[in-house]
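Q: Sequence:
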Amino acid sequence: VWNALQSKDVSKEERKEVMLSLRRGDVLSSKEEYADALSLLAETKGWRDAEVILQCMWFNGFFPDHRHYALVMQALQRTQRWEKIVKLFEEMVEHDIFPSVDCSNLAIQ
Numbered sequence: 584v585w586n587a588l589q590s591k592d593v594s595k596e597e598r599k600e601v602m603l604s605l606r607r608g609d610v611l612s613s614k615e616e617y618a619d620a621l622s623l624l625a626e627t628k629g630w631r632d633a634e635v636i637l638q639c640m641w642f643n644g645f646f647p648d649h650r651h652y653a654l655v656m657q658a659l660q661r662t663q664r665w666e667k668i669v670k671l672f673e674e675m676v677e678h679d680i681f682p683s684v685d686c687s688n689l690a691i692q
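Each residue of the sequence shown is one higher than the last, beginning at 584 in the numbering used here.
Just so you know, these hints were derived from the structure itself, not from any lab. Yeah, the Cβ is synthetic: ideal placement off N, Cα and C, and Gly gets one too. Each hint should be verified, as a subset may be incorrect.
[Claimed, not checked] Below, a list of computed lysine-lysine pairs in the DSSO-like style, where the Cα atoms sit at most 30 Å apart: (1) Lys667 with Lys595; (2) Lys614 with Lys667; (3) Lys595 with Lys670; (4) Lys614 with Lys670; (5) Lys628 with Lys599; (6) Lys614 with Lys595; (7) Lys591 with Lys667; (8) Lys599 with Lys614; (9) Lys670 with Lys599; (10) Lys667 with Lys628; (11) Lys667 with Lys599; (12) Lys591 with Lys628; (13) Lys614 with Lys628; (14) Lys670 with Lys628; (15) Lys614 with Lys591; (16) Lys595 with Lys628.
[Said to hold, decoys possible] Pair ranges (Cβ atoms, derived): (17) Gln663 with Leu603: 24 to 32 Å; (18) Ser613 with Ser687: 20 to 28 Å; (19) Ser594 with Phe681: 25 to 33 Å.
Based on the provided sequences and hints, a complete structural model is requested.
A: Right, dumping it as structure tokens:
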């Protein structure tokens, strides 16, 4: 999974399988691994996938913190998805997740 996320020469089928595994929570066993996966997705312009994986964390029993939200918000910033950034910021507040300075700054922009 990690090799597929880091590689730029991954077929669409292989990427699809990796994303399905990430969504199901088959391969990630800690919040740190989720942060690593979100970071790799954000670096490869996979903001849609990062957004989905963030939501899947809740369903897989891992509660995201400000780090996870910041990674996704940074990916959204690169593609100028301002409305989605604000939505994630509001979600953080709704779940009583104290936003980091990075998250606050991204939401203000």
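Q: Could you run down the list of hints and mark each one as holding or not?
A: How the hints compare with the structure:
no.: 1; hint: Lys667 with Lys595; verdict: holds (25 Å)
no.: 2; hint: Lys614 with Lys667; verdict: holds (22 Å)
no.: 3; hint: Lys595 with Lys670; verdict: holds (29 Å)
no.: 4; hint: Lys614 with Lys670; verdict: holds (22 Å)
no.: 5; hint: Lys628 with Lys599; verdict: holds (15 Å)
no.: 6; hint: Lys614 with Lys595; verdict: holds (26 Å)
no.: 7; hint: Lys591 with Lys667; verdict: holds (26 Å)
no.: 8; hint: Lys599 with Lys614; verdict: holds (22 Å)
no.: 9; hint: Lys670 with Lys599; verdict: holds (26 Å)
no.: 10; hint: Lys667 with Lys628; verdict: holds (15 Å)
no.: 11; hint: Lys667 with Lys599; verdict: holds (23 Å)
no.: 12; hint: Lys591 with Lys628; verdict: holds (11 Å)
no.: 13; hint: Lys614 with Lys628; verdict: holds (21 Å)
no.: 14; hint: Lys670 with Lys628; verdict: holds (19 Å)
no.: 15; hint: Lys614 with Lys591; verdict: holds (25 Å)
no.: 16; hint: Lys595 with Lys628; verdict: holds (15 Å)
no.: 17; hint: Gln663 with Leu603: 24 to 32 Å; verdict: holds (28 Å)
no.: 18; hint: Ser613 with Ser687: 20 to 28 Å; verdict: holds (26 Å)
no.: 19; hint: Ser594 with Phe681: 25 to 33 Å; verdict: violated (40 Å)
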